[in-house]
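Chemist: Mind docking chain B on chain A? Use the hints.
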Amino acid sequence: MTSFLFGRIVSMAISLLVASIIIFAILEILPGDPAQFMLGVNAQPDTLQALRTQLGLDQPVILRYFSWMAGMLHGDFGISYTYRSPVTELVLQRVAVSAPLALYALTLTILVAFPAGIIAAARRNSATDLTVMGATQIGVAVPNFWFAIILMWVFAVTLHWFSAGGFAGWNKGFFEGIKSLTLPAIALALPQASILARVMRSSLLDTLGEDYIRTARAKGLSQNKTLWRHAVRNALIPVLTIVGLQFSFLLAGAIIIENVFYLPGLGRLIFQGITQRDLITVKSVVMLLVFAVIFVNFLVEVAYVLIDPRLRHQR
Amino acid sequence: MKFSAILTGSAVALVMALGLSPAYAAGTNLNMAMQLEPPSLDPTTGGAAAAIRSVTYDNIFEGLTKIDGDGAVQPLLAKSWDISGDGLTYTFHLQEGVTFHDGTPFSADDVKFSLDRARAEDSVNAQKQLFANITSVDVVDPNTVTVTLGSPQGDFLYNMGWGDAIIVSPASEADNANNPVGTGPYKFVEWVKGDHVSMEANADYWGATPSIETATIKFISDPTAALASILAGDVDLFGGFPAPETLDVIKADPRFQVIVGSTNGETVLAMNNGKPPLDNVKVRAAIAHALDRQALIDGAQFGYGTPIGSFFSPSDPAYEDLTGISNFDPELSKSLLAEAGVSDLTLSLKLPPAAYARQAGPIIQQELANVGINVEITNVEWADWLQNVFTNRDYDLTIVSHVEPNDYGVFARDDYYFAYHSEAYNAAVAELAVTSDPARQTELKKQIQEILANDFAAGFLFELANVTVANKDLSGIRANAPIPAAVISELSWAE
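Residue numbers (the numbering used here), protein chains in the order written: chain A, 129 to 443; chain B, 145 to 639.
For reference, chain A alone in the conformation it holds in the complex (with noise of 0.2 Å):
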């Protein structure tokens, strides 16, 4: 186990180095100058050339990589170039609603998904599974934008149950902070909990056709006991790897939800800073989410050992 977790911590800095050099060389080929952009039409030669300065873009390249490692390396992210406050801090905030709102997302699609998925595969081409089925077919298709948008208009604009959007921040209380991230995480919950019901059925199914699920079988275990501690227990790999990456893309990737309910979160402040070019925020940003997918694989791959004895004796 000790030389198994060393190995991943050696794969995963190597990782980090290598994403930090592609980031780095991708946002120095991008056009556009921060400053120029901050100044806009109107800006005289000379202003510009005294915010290049002040903003440390004369610098030559390998320094600026150098010096954005050195500091990361030591917590700081540097200073936003359109914000002039901390990555650092501009960061935190945003985590404070994407990290929720991932995880209030996944909790609802492992709620939905695991329930729908287990019933579908013990009860095969029942009226029930057909149902499942047909329901995380049209889930699967749907547009998340779209269904937020039908949300928005039942529960907000109709219903006044829900603000159309925004977030009411944690220091108005627990209660409003998930209140404002209810509509998103429905959103964001129901093509992935589609496709986990369907991954947790197709995996239950093929364990489902092992010998060992025949022989707890005929030593006469009942169906729903093997069911629960055999065949699901087993069937959690495949879903497990799946639900990582439902996390590492919930937590980056709800950039659309985040713009249809205007709520500041991770992606949103990724696809600002690359169109003000505030290259800073965006290569720092960029390094943390590589660092936590990197770091969810990683857990990812920890509990399919915990989970399956026979991993545990290959290593």
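These are computed hints drawn from the structure, not numbers from a lab.
Please read these numbers as outputs of a predicted model, since none were measured by experiment.
Errors might be hidden in some of the hints.
Claimed, not checked - Computed footprint of chain B on chain A; a stretch qualifies when at least three of its residues, placed anywhere within it, have a C-beta under 8 Å from a C-beta of chain B: (1) 283-292; (2) 379-392.
To be verified - Below, simulated DSSO-like cross-link-like pairs (lysine-lysine); rule was C-alpha separation at most 27 Å, straight line: (3) A:Lys-300 - B:Lys-331; (4) B:Lys-478 - B:Lys-419; (5) B:Lys-616 - B:Lys-395; (6) B:Lys-223 - B:Lys-331; (7) B:Lys-590 - B:Lys-426; (8) B:Lys-478 - B:Lys-426; (9) A:Lys-307 - B:Lys-337; (10) B:Lys-223 - B:Lys-256; (11) B:Lys-337 - A:Lys-300.
Here a beta-carbon is modelled for each residue, glycine too, at the ideal position from N, C-alpha and C.
Modeler: Relative to the frame of chain A, chain B by itself:
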């Protein structure tokens, strides 16, 4: 089946548990919205974004003068002023008993500090040219300050009313980007980045106490979200409403009012005057005559906008309607192209992301195709546009709205992306800058408009409309937006 019933039931229960009706607008609270979030809250350093001024101008910060809703200059921190006979020395008499929000008293020293800072060599004020003509700022006594100019300047008092010329305190200037401290009727409370800025009435304000006590400004750029925020009652006032296609829905709803005014945004089909064959006035004239302005306003702006024939705002008293010079006449356009000896013309049209540009682009492409000009459209981002079109002039045509007030001076700049040059025009602009006689000013402004129109310096399309959507009980809303501003102290709720 049972399972899905449980699911539906629990979803409904969850929604019911979380559901509370939204708070109704109280008489002193205002929820307003605008499309773009300001990148910082300091209008004096490194930010040209109009949103910075929209949030802070005349709410948090104040200048010596202010520009009112009609575009006229009014006293503000300077209660009056004297101008010397040669037009070079302005003596400002300041309001007394003014304090900054942090309690620091306001005095002539702050005026000197702010103006010197804006015109300093290392200044990063986006509108540094406003201060270029100042040669010295001198404190006479705590309530009097004199500003000396290098040459007489007719629009000096107007310039001091721009959002970039506000007065800051040396004690708080460094942190204004995130914690703005001004002298205005509202104090900054918090900025939840990406979501909203909130402010509250300044109890120690030197002027009249405003009716609105607490205000939140939300930033909503998505058109669907904007409409929903209004219909759901989350937002009481939306300035620069981004979904003109939905205005009929709002107009039909008795809860709301829709106010359509004008901005200072001259939307032009800019032509690269320095690049053949666009350096030929006949080719530019041919392009201008091929454009059907009304079709553009209807197609790209859902009918909201005023046709313009030169680079001047129709809301300005000196405006002259010159749309006749470049009237829609495709036949004339074709014969002008033949006269110029141009055939098989292919031009690039680079479109920045603004909705007016992206929607007008294909219409213009079609209109120019009708007279035999082939147009290749490229969509670019703003940062890309600024570098390649604006700075490097790598373009033939582009569509941009120029929103700064009285910005005709840009056509006199040889380094500007229009690459336009006219001695007569430069002379008129130079004379206007030093003219303070109103009659002569008007004359020169008309001359300026005529030169640009006759030179077909650009395809002059339309003045952007200022569309505001609001709760019907809210009054004091500015129809026009001569400068970017959302002055909360002018608003009040009906009893």
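Chemist: If a hint holds in the structure, say so; if it does not, say that too.
Modeler: Verification of the hints:
no. : hint                  : result
1   : 283-292               : holds (count 9)
2   : 379-392               : holds (count 6)
3   : A:Lys-300 - B:Lys-331 : holds, 20 Å
4   : B:Lys-478 - B:Lys-419 : holds, 20 Å
5   : B:Lys-616 - B:Lys-395 : holds, 11 Å
6   : B:Lys-223 - B:Lys-331 : holds, 22 Å
7   : B:Lys-590 - B:Lys-426 : holds, 23 Å
8   : B:Lys-478 - B:Lys-426 : holds, 10 Å
9   : A:Lys-307 - B:Lys-337 : holds, 19 Å
10  : B:Lys-223 - B:Lys-256 : holds, 16 Å
11  : B:Lys-337 - A:Lys-300 : holds, 16 Å
The earlier numbered hints are all upheld by this structure, with none contradicted.
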